[in-house]
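Protein sequences appear in the order of chains G and Z. All residue numbers for the first sequence refer to the numbering used here, where the first residue is 883 and numbers rise by one. All residue numbers for the second sequence refer to the numbering used here, where the first residue is 883 and numbers rise by one.
Keep in mind that the hints were calculated from the coordinates and are not lab data. These numbers come from a predicted model, not from an experiment. Heads up, some of the hints might be wrong.
Identical chains blur together in the list; that is why a pair holds if it fits in one copy or across any two.
Straight line, CA to CA, 25 Å or less: simulated DMTMM-like cross-link-like pairs of lysine to aspartate or glutamate [unchecked claim]:
| id | residue 1 | residue 2 |
| --- | --- | --- |
| 1 | 1280 | 1040 |
| 2 | 1280 | 1060 |
| 3 | 966 | 891 |
| 4 | 1280 | 1005 |
| 5 | 1280 | 1183 |
Number of protein chains: 2
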Amino acid sequence: MIDLPGLTDLLQESPSKILFLVVDGLGGLPHPETHRSELESARIPHLNALARRSACGLTTPVLPGITPGSGPGHLALFGYDPLKYTIGRGVLEALGIGLTLQPGDLTARGNFCTVDAQGRITDRRAGRISTEESRVLAERLGGIRLPGVHLEVHPVKEHRFVLLLRGDGLSEAISDTDPGRTGVPPREPTALSPAGERTAPLVQAFVAEAQKLLAGEQKGNMVLLRGWSRLPSLPNFCQTYRLRAAAIAAYPMYRGIARVLGMAVLPTGSTFAEEVATLQEHWDQYDFFFLHYKPADAAGEDGDFQGKVRALEALDEHIPSLLALHPDVFVLAGDHATPALVGGHSWHAVPLLIHSRYTRGEGVEAFHERACAQGSLGRLPATAVMLLALAHAGRLAKYGA
Amino acid sequence: MIDLPGLTDLLQESPSKILFLVVDGLGGLPHPETHRSELESARIPHLNALARRSACGLTTPVLPGITPGSGPGHLALFGYDPLKYTIGRGVLEALGIGLTLQPGDLTARGNFCTVDAQGRITDRRAGRISTEESRVLAERLGGIRLPGVHLEVHPVKEHRFVLLLRGDGLSEAISDTDPGRTGVPPREPTALSPAGERTAPLVQAFVAEAQKLLAGEQKGNMVLLRGWSRLPSLPNFCQTYRLRAAAIAAYPMYRGIARVLGMAVLPTGSTFAEEVATLQEHWDQYDFFFLHYKPADAAGEDGDFQGKVRALEALDEHIPSLLALHPDVFVLAGDHATPALVGGHSWHAVPLLIHSRYTRGEGVEAFHERACAQGSLGRLPATAVMLLALAHAGRLAKYGA
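Here chain G stands alone, though its shape is the one from the complex:
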C-alpha cells in the first residue's frame, strides 16, 4: 500500500501511538493427535481476552500458496508490495549487524562450513561453531586482498558472517556457492549475466584464498556464500506514513529490515523482556513502534510443537505490560506462519489482531487461526495492515468528498 495513489493526501497529524508487534512465525497448524494448533493449544489468557475486545482477521503475506522469507513477510506487513520490493539476504544480514552500507556495496551472507578431504560439504553450518570461534575465522578472512576492491568480513552469529565488497562496478549477478545440501562440493561462483562478469573472478579469488586460510581448521574449513545483493532503494517508512517510527528487535535481521526502511533502531538486549524495557524507556519519543518477537518462529522451525506453544505462552505474559503503555492502536501480526508440522515457514494465512478505541469485540472468543478466520477483518493481504493501523490511529482522513 506504499504505492497507494493519494495516500499522502489522506495522512493527518495525530498524537496517537501505534504499537506494532510482529510475532515471527505466528501462524500454525493443528497437531495430528489433538487437532489443535499451537495457538489453540497454548494457555494465552491475556491474548484471548484481548481478542475478545479487538478486531481480528487473517493476513495473506504474499499470495495464497507462497511461503515468504523474513524479508517479504515484514515488507508486506509494513505496506510494501513484497513482489515489487525486495531486500537481498546479504544486505539483510549486513544491516542487521549494524553495518552502514554505501550505495553499490556488494554483500553476501556467508556460512563457515565443514568439507571433507575431497572438498565435499559435510556440515553446512560447521557444527554451529560459536560466535567467538567464528569471529577469529572472520578476522582471518578479513586479511584477504582483492585488486581494486575494499573487502570486509564480519561475524554475525554462530557460523554466519557477512562478506562486504566495496568498489566500482560490482554486481549481484553472481551465483550462490551454497548448494543447499551436503555430500557435494561448494559451487563455483559464476556470473549470472554479463553485468556479473567483472565481479565473478573477484569472488572466485576470495573463495580460493579463504579455502587456503581455513585449511587447518577441524570445523569451519570452508565458506559458503549466497544472497549476493546491494542496498535496495525503498520508500522511506517514516516519510510515507508521516510517523516517527522506531524498531525494537533482539535479532539482527529484523533491525536490518527496520534500518533499510528508515526506522530508528533502538539498542536493546537479547530477550523479549529487554525489548519491552526498551519500549517502555522510549515510549514518549516515537509514534510507531515495531516490536519483534522471535521465539515462536524459532521453535516452529525446529518442528517443536510444544516449544512453540511455550514461546506463545511466554509472549502472553508480556501482554499486560504492553497494554499498560496504553497504545492508541495495538497491532499483533505475524510475518508468516511457521507450523511445527511443517518445520519451517509456510504459506498459510496468519492471525491478525487490531485493538483500539474503535474495537469493542465482535464475537471472536480466542486468539487463534480458526477464531480469527471468523473475525471482522476477514482475510486481507498483509499489505493492508498498515492502512488499518493508521485508520484506527485517526491518521487517515476521509477519501473523497
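Once you have looked at the hints, place chain Z on chain G.
Coordinates of chain Z only, in the frame set by chain G:
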C-alpha cells in the same frame, strides 16, 4: 498466477503427484423448500469425511457477479487470469473433437437449427437431432466451396458442428449469426471491425449455400454460427509449472481446453468410471492429473435439482478409488456453480477442498457451500488454487530471504 513474476524461480523438483478433480458446475443454491443446496441435500459420506481432514474454502472464478463459461472457469482454476487469457468457443469445440488447428485457422461453433417458411427460428437445436443425422448434414456442408479458402465442417454431438476456415487474413471480428432465441431469423454475419471485412462476405456466402443445401430438411434446415475464434497463444501449463500433466475428460470441450494448455490428453471412455480407470492405468506416468466430472453441471443446466443431487452422490462413490491412489495432493474444485435454481452457470462462489499431508482437519464438518465458507482457505480467486496445490505438493520454494 501464470504471470506471477519469479514463479519459475520458486518451482522445485518433487516426486509428488497432484490429482486435480474439476467437478463441472459444482456449486449450487438452496432448494426453495428445503433450504438446502444440492451438496447439502446429497448423501456424500466420502466427500464429507474428506472435508473433515482437508483445507476448505470457496473460489471466485472470475469476479463476484461474473458468470463464467467453461473456458474462463477452467483457465482460472489452472492459474490463467480469465480476463487476460481467452479461448474462443469455436476453437474450444474444434480442439475438443481432436482437430489439429493451425495458427490463423478461423473456427465457429455451429448449430443445425430449424426455421419456418418465413425463415424465423423455431428450434435453435433442431430438436437435438442425433449425432448420426448431424453427420450427414455436416458432410453435405463440407462440399461448399469458398474462393481462396479451405473449408471443413465437422459434426460434434447432436445438433452441434464446427466450421473451420483456413486461408490468409481470416479474422474472428465477425458477428454471431445465432440470435440466442427463437421467433426471429438468424442474424446476418457482419464485420465487427475493419479486420473482419474480408472474412464477412465469405461467411455470408457459406450461410447462403448452407441454407440452399439444407432447404429440404424437416429438422435442421438452417445453421447458426457463433464463437468465431482462432487458436490463442497461451503459456504452456507443463512448462509454467514444471509438471508432467495429463487430462482425463469424457467430454470433448474439456479435452480441448487441456490440449490448448499443452497437457497430454489421455484417451478415455464416456463415463466417469472409465475416466477413473484411465487415471489408474496412467497413474505412474504423470505428476498432475486434470480429471473432469461433467454430470453435475449437466443436471444443473437442466434445472434438475434431484438430478444434480444424484450426480454428486454418484461422484461420491468414486472418491475412495481416487484416494486409494494416494495422491500427495488431492484438489476438488469447480469451474463455476450451476445451481438447479438458476438452470445454468452462475456467478456464485464454488466449494474448494485441498487434501495433503499438511491438512489435518480444521472443523469443517461437511463438503458444501456453507461449510466451505468457514474453511481455512477462505474465499480466494480461482487463479490461486494452482499455487496452493503446488505448495501442498512441496513444489514451491520459499520466496525471498
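Point to revise | Hints that the structure is at odds with (numbers, increasing) | key: When the structure is compared with the hints, none of them turns out to be violated.
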